[in-house]
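A.B. asks: Line by line, the protein sequences give chains G and X.
The opening residue of the first sequence carries number 13 in the working numbering; numbering runs sequentially from there.
The opening residue of the second sequence carries number 13 in the working numbering; numbering runs sequentially from there.
A few of these clues could be false.
Since copy identity is lost for identical chains, a pair holds within one copy or between any two.
Only pairs whose alpha carbons sit at most 35 Å apart, straight line, appear in this in silico DSBU-like list of lysine-lysine [stated by the list, open to error]:
1. Lys123 x Lys302
2. Lys104 x Lys302
3. Lys231 x Lys123
4. Lys216 x Lys279
5. Lys123 x Lys250
6. Lys123 x Lys71
7. Lys277 x Lys123
8. Lys123 x Lys241
9. Lys279 x Lys231
10. Lys76 x Lys104
11. Lys250 x Lys104
12. Lys123 x Lys279
13. Lys241 x Lys168
Derived from the structure by calculation, the hints contain no laboratory data.
These are the residues of each chain, in order.
Number of protein chains: 2
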Amino acid sequence: MTAATGIWPPAATPFREDLSIDTERYLAFCHELLRGGAHGLAVLGTTSEANSLDLDERKGVLEKLIASGISPAQLLPGTGAASFGDAVKLTKHAADLGVKGSLLLPPFYYKGVSDEGLFEFVSEVIGRVNSKRLQLYLYNFPQQTGLVWSPGLIAKLRRAFPETVVGIKDSSGDTQYLDTLLEQFPGFAIFPSSESLMVDALGKGAAGCISATANTHVKEIRALYDGWKSPEAASLNKRASAIRSLIASYPLIAAVKATLGDQHKHKGWHRLRPPLTSLGDQQAAELRGKLAAL
Amino acid sequence: MTAATGIWPPAATPFREDLSIDTERYLAFCHELLRGGAHGLAVLGTTSEANSLDLDERKGVLEKLIASGISPAQLLPGTGAASFGDAVKLTKHAADLGVKGSLLLPPFYYKGVSDEGLFEFVSEVIGRVNSKRLQLYLYNFPQQTGLVWSPGLIAKLRRAFPETVVGIKDSSGDTQYLDTLLEQFPGFAIFPSSESLMVDALGKGAAGCISATANTHVKEIRALYDGWKSPEAASLNKRASAIRSLIASYPLIAAVKATLGDQHKHKGWHRLRPPLTSLGDQQAAELRGKLAAL
Chain G
13 MTAATGIWPP
23 AATPFREDLS
33 IDTERYLAFC
43 HELLRGGAHG
53 LAVLGTTSEA
63 NSLDLDERKG
73 VLEKLIASGI
83 SPAQLLPGTG
93 AASFGDAVKL
103 TKHAADLGVK
113 GSLLLPPFYY
123 KGVSDEGLFE
133 FVSEVIGRVN
143 SKRLQLYLYN
153 FPQQTGLVWS
163 PGLIAKLRRA
173 FPETVVGIKD
183 SSGDTQYLDT
193 LLEQFPGFAI
203 FPSSESLMVD
213 ALGKGAAGCI
223 SATANTHVKE
233 IRALYDGWKS
243 PEAASLNKRA
253 SAIRSLIASY
263 PLIAAVKATL
273 GDQHKHKGWH
283 RLRPPLTSLG
293 DQQAAELRGK
303 LAAL
Chain X
13 MTAATGIWPP
23 AATPFREDLS
33 IDTERYLAFC
43 HELLRGGAHG
53 LAVLGTTSEA
63 NSLDLDERKG
73 VLEKLIASGI
83 SPAQLLPGTG
93 AASFGDAVKL
103 TKHAADLGVK
113 GSLLLPPFYY
123 KGVSDEGLFE
133 FVSEVIGRVN
143 SKRLQLYLYN
153 FPQQTGLVWS
163 PGLIAKLRRA
173 FPETVVGIKD
183 SSGDTQYLDT
193 LLEQFPGFAI
203 FPSSESLMVD
213 ALGKGAAGCI
223 SATANTHVKE
233 IRALYDGWKS
243 PEAASLNKRA
253 SAIRSLIASY
263 PLIAAVKATL
273 GDQHKHKGWH
283 RLRPPLTSLG
293 DQQAAELRGK
303 LAAL
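Just chain G, with the same shape it has in the complex:
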């Protein structure tokens, strides 16, 4: 199975007033992202508030996406958890459904753990899921987890599990780290988390981009992906990066959802599950104004 490439938005999750998942709206949105140019969907990630969903909800979302007609080959769900037991359950469930792969966070409760401990964690997940279908993409987001998939650890994982550990999503924003990965691991499916970094990274062999703002601007980002070598690349890049920078100057997930609320003319999109909170009306209006002016 070849690894994923292209634009895989980490689809945001709309909530009803009682904070339950607005499934109908969610499914419609996911189909819209695919029609808008997404190669697939990196569902159930940080922007999706997956770690604010309970384990049953996470499984349910995946089943409903597939039942709605989205091909499992277009899905890269996040299946990480603090315990390997829960990570195994989620990852096996996803693999059994035939997904393209799973994004695996490091176990994010304990801090200061060793590369050896993280290697053992991944080994337990792979050994217990025990599926030839399994393809893992490491999920690097030290700002949330306090942990890093170090290049040394990645090299060790690739040696031990060459058919299974096939890529990484890097949400660190650390370009030096990203460049190190691109340099050291040709053939590894490396996804930066921002379109602002994508063109440079594509030139160095990146697989594509998994970006929060692909929720709101998938067409622009897809055009940039398709046209990064074209004469228009510089202007496409400038515009996509300006949008990204503006949205990311606010709390990112709240700003993405506020913008989705405007785009879909549905106030409910602005809801986040605690501990995250919505943009206030004033911030939302400011963002709206600035986006319109771009």
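Since chain G is already given, all that's left is putting chain X on it; use the hints.
C.D. replies: Below, chain X alone, put in the same frame as chain G:
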């Protein structure tokens, strides 16, 4: 219901070679801690590696403790989770079993969240568990969670839920924070996480102590608790603090388990679930020697 007081060890979890819970050994150990002087057990906390157990295992442990004859009134389980949905399931399960209370971590995936978001998280848990039996002890461990229960937030929670939010376990080791809590919240059940801080804190109104090293030295810590105003207090405190400092000079959970292995003459105690790792043989021997010399 009066809040908990005294010594509540966060019982460590023994694992078999396949990393499953060694239930028989675990239950025997918990009974032994109570016979050794523990007032109750703060099970399923950080030292217990609860966040390395899956959700079903966490429920199972609690049910088995009670089935083994331990009174639910002697149990303060950790029931936190990254999502309020999972935290609700665990907390409701524990409350329905009649436990003394639950230790609640803040939702520990997202970082940089607001006090408002944490307040909403706790509100959701309390509202959804919806049990008059529920008593919550906040669990403060910023070194793992990246989050702090700020004094302002605690005050707001106590005002909103005076019958429910009854105490806190503070594992920060930050004596200024601890003193602030003791000063601002008389009547709140405040547990420092180290016997080294206990005597000073008891003098300022603390409820007792929930300490990792109560796994290995419950008698010493209980004697200190009982005798903190006695003429022997200074020497008891000196000895208990020396033991604590020594064990805590190694990775704490691994050092506690290595010492339990020695005390119970069972090598299996040294196992930790990944991402945590055991002390190496050399470190374990060094710790053993230094402890014997104390």
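A.B. asks: Of the hints given before, which are not true for this structure?
C.D. replies: 2, 4, 8 and 11
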